[in-house]
Amino acid sequence: MNLIYYMIMAAVALGLQHGVSDLVAIQGVTPDFLLIAVCAIALYAGRGQGTIWGAAVGFIEDSLTGGLLGSHAFVLSLVAFIAGSVMSYRSLQSAYSLNAGLIVGLLALVHNLLIYLLNVHGAAGWFTGLLMAVFLPAVYTLFWALIIFAVVPESIWEKIYKTEPSPLF
Amino acid sequence: MEKSKKKNSYWWDWLILFGALTLSLAALFFANEARTLGGLHTLNLEIVGRMTAPIARIRGYFGLAGENRKLRELNAVLQLKNAQMAEAWYENSRLRQLLGFRMTAPYDLIAATVVGRQKQPGMEPLILDAGAAQGVRANMTVVAADGLVGRILSVSPTRSIVQRFDDRAFSCAALVQRNRLEGMFKWEGYNRGLLTGIFLSGDVRKGDVIVTSGTNSIYVPGLKLGVVSLIDDAESGMYRRIFVEPKVDITRLREVYIIRDSAGEMLR
Chain B
2 MNLIYYMIMA
12 AVALGLQHGV
22 SDLVAIQGVT
32 PDFLLIAVCA
42 IALYAGRGQG
52 TIWGAAVGFI
62 EDSLTGGLLG
72 SHAFVLSLVA
82 FIAGSVMSYR
92 SLQSAYSLNA
102 GLIVGLLALV
112 HNLLIYLLNV
122 HGAAGWFTGL
132 LMAVFLPAVY
142 TLFWALIIFA
152 VVPESIWEKI
162 YKTEPSPLF
Chain U
208 MEKSKKKNSY
218 WWDWLILFGA
228 LTLSLAALFF
238 ANEARTLGGL
248 HTLNLEIVGR
258 MTAPIARIRG
268 YFGLAGENRK
278 LRELNAVLQL
288 KNAQMAEAWY
298 ENSRLRQLLG
308 FRMTAPYDLI
318 AATVVGRQKQ
328 PGMEPLILDA
338 GAAQGVRANM
348 TVVAADGLVG
358 RILSVSPTRS
368 IVQRFDDRAF
378 SCAALVQRNR
388 LEGMFKWEGY
398 NRGLLTGIFL
408 SGDVRKGDVI
418 VTSGTNSIYV
428 PGLKLGVVSL
438 IDDAESGMYR
448 RIFVEPKVDI
458 TRLREVYIIR
468 DSAGEMLR
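Just so you know, the sequences run in chain order B and U.
Quick note: the first sequence uses the working numbering, first residue 2, plus one each step.
Quick note: the second sequence uses the working numbering, first residue 208, plus one each step.
Some hints could be false.
[Stated by the list, open to error] Cβ-Cβ distance ranges computed for the label pairs, FRET-style:
(1) Tyr314/U x Phe136/B: 29 to 37 Å
(2) Val13/B x Leu222/U: 23 to 31 Å
(3) Arg279/U x Leu132/B: 51 to 59 Å
(4) Leu107/B x Pro428/U: 45 to 53 Å
No lab work stands behind these hints: they were computed from the structure.
We put the beta carbon where it would ideally sit given N, CA and C, even for glycine.
So that you can see chain U by itself, here it is in the shape it has in the complex (with noise of 0.2 Å):
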């Protein structure tokens, strides 16, 4: 009776073991394709966005002190270049008025808060406490005070996935601020990422600040991408192989904004 027992067991184990593979490889090869936000996945991001939302606001409290010398600092350097900037605005206004151009209108920004992240190979998307219920939209851009931080992939009713730019699948229009040069931004891994399209002669130097260029309409345009850290011609044949170091710290980001006006609105 006990072995006749064991035996039933051990082929349920085998028979368990082969149900879960051929679940796994179906969703492998069959859900991947039309891959939307249901009803499971949408729980999933709800239960585990509130379960992460405590540790995050307990994290948020370590290092105020350090954080705020910091933002005061910041602060006052930021005051500087407000008042040298508002000059500059008012003068472009005025010439764009001049120009005919259209006014650009300012972007409406939604305040989130990095309730979740997750760290595997080329896949390291962040989950915010901000969803449908608080006007979040799949495409929208993501930003933080330092540049771009990626854009939404999905979202629930009060939570979103963002892709962020350190993604392996992340790739952008971008521009060379200096001179409005222009070529594709992707993560190459490791804490760099690599401007292409831009030929040999094209005068990309070290310390170039790399923006968004808008013309591939999920990103706004001039949002930063990070500053040129390397540049090696050496085997690159037609192309610049520019390396990109970011700007925006994306360990120990916290505090991220969505633009609820994004360009990607566009798209859909």
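Looking at chain B on its own, in the form it has when it is part of the complex (with noise of 0.2 Å):
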């Protein structure tokens, strides 16, 4: 059943990345839709999951774009596995949407910088390119994650936290 729930997450994610990410775009800056995506399914489900659902929706995503097949399989399954380990420490067990929307924004960080350094074009300077497509997109994507996961009902999260992960075969 899980299942289909991650199958619909990743499709409305991939729907609002291709279709609406634009309409909510900043001087250029958009969300990253698939990231969050990933992330909460890696928090759900476990980091194991976690990361094949990173690979799949990066190998989509590199088919979609027509740039480096492999950059966001690499970049995401990456990712998510550390979303999932992350959320696995008791300390982070408090405010639920705060942390995990703030572990996201940082692992926007880290996504970005990756992917810019695997699709690198120094055409408009180091200092711009780092800025435009690094840093304020990771920003930008904290802020869709807070929003997006303080609609998230507390009892979904107090599942995600207390509930041992199952084995993933």
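Could you fit the two chains together into a complex? Lean on the hints.
Here you go:
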């Protein structure tokens, strides 16, 4: 059953990323809905399943962008693994949505930096490039992650933190 | 028992990460050289294209009144221009016949709607709702009312991906419309292109219109790329650094046209 939920989450994120993200763009900076969805799956399902979903969504994204095949798959699976691992720490298990949002924000920074390095284009200068392609999108993704996670009911957060992760296979 | 289960899960997680990273790296190193639109790629494009099409339709309804008013104004201006150009066209065709030039056939256009777009550093392709079934093929030129949009990168049965002119890998032969000085246009980043290959002695002025020259045989000639916004000769060596501001507002683009019999076809 969870598989269907994750598929719906990934599909909605792809739809938002490709159909709506430019509507909410500020000076060309857009949030990364795919990253938020992959992190949310990793938080809920654990790092193992999160990594699989990160790789799958990443490959779909790579095939749609016409860029380097494997770059998003590499970065998203790594980010999902970190997200799933970090959230298992007991110290983070309060102020659920805020913690989750901040983790997504930090991972967005890592994600954007890796994607930028893999697809480097230095014509506009490294500072402008880092600002426009790495830092500002990460901040904007953090903003959206906080909004999205704020509407997740408390009961779901409690379920995420208080149940032991189920075995993968 | 419980402890052993947890330990297994721990190792599985690391194994999955190792597998995912290995697969991604293998794709990065080996699948990018001869990248073709395989079955998976086509399927992805079809599915995401269908998902984003209703969103694009809904978005199209917003701002229709304002767009309609602008189009009416533009229509009036264009009608006046059209009258002048018709005169010029008749004169031109008469002169061509006199000179024995081959008449250029008008372009056959395929209308398409932008149903998706992607924003990431250096690569910002568009997804169109027209594909192989509508006659779209790779390398065809994509245009909008204000000029060149890009070229078709890959095609599925009913969808296609466009490499935009502001892609980091984009470049094309271009010329200054006023005096036919030829150079190479490429994207500089952050809302401006760069025209290179024109010597310091070349007569280029701010406000000059830059169009495709057609000499690299992908893009048809005469498509507007933008207007010269800045010329920086201070650190440019032998050539002028001419910055070009595009006139196509790519962020608001909804309808585009694919030139069916564009020069790119000759490459295949």
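Assessment of proposed distance window 51 to 59 Å (beta carbons of Arg279/U, Leu132/B) = violated, 40 Å
key: 23 to 31 Å as the expected CB spacing between Leu222/U and Val13/B, which holds or is violated   = Since Val13/B and Leu222/U have Cβ atoms about 29 Å apart, the given range 23 to 31 Å holds.
inquiry  = Please check whether Leu107/B and Pro428/U have a Cβ separation lying inside 45 to 53 Å.
reply    = holds, 50 Å
task = Look at the Cβ atoms of Tyr314/U and Phe136/B and judge whether their distance stays inside 29 to 37 Å.
result = Taking Cβ atoms as reference, Tyr314/U and Phe136/B lie about 43 Å apart, which means the hint is violated.
The structure is inconsistent with the numbered hints 1, 3, although it conforms to all the rest.
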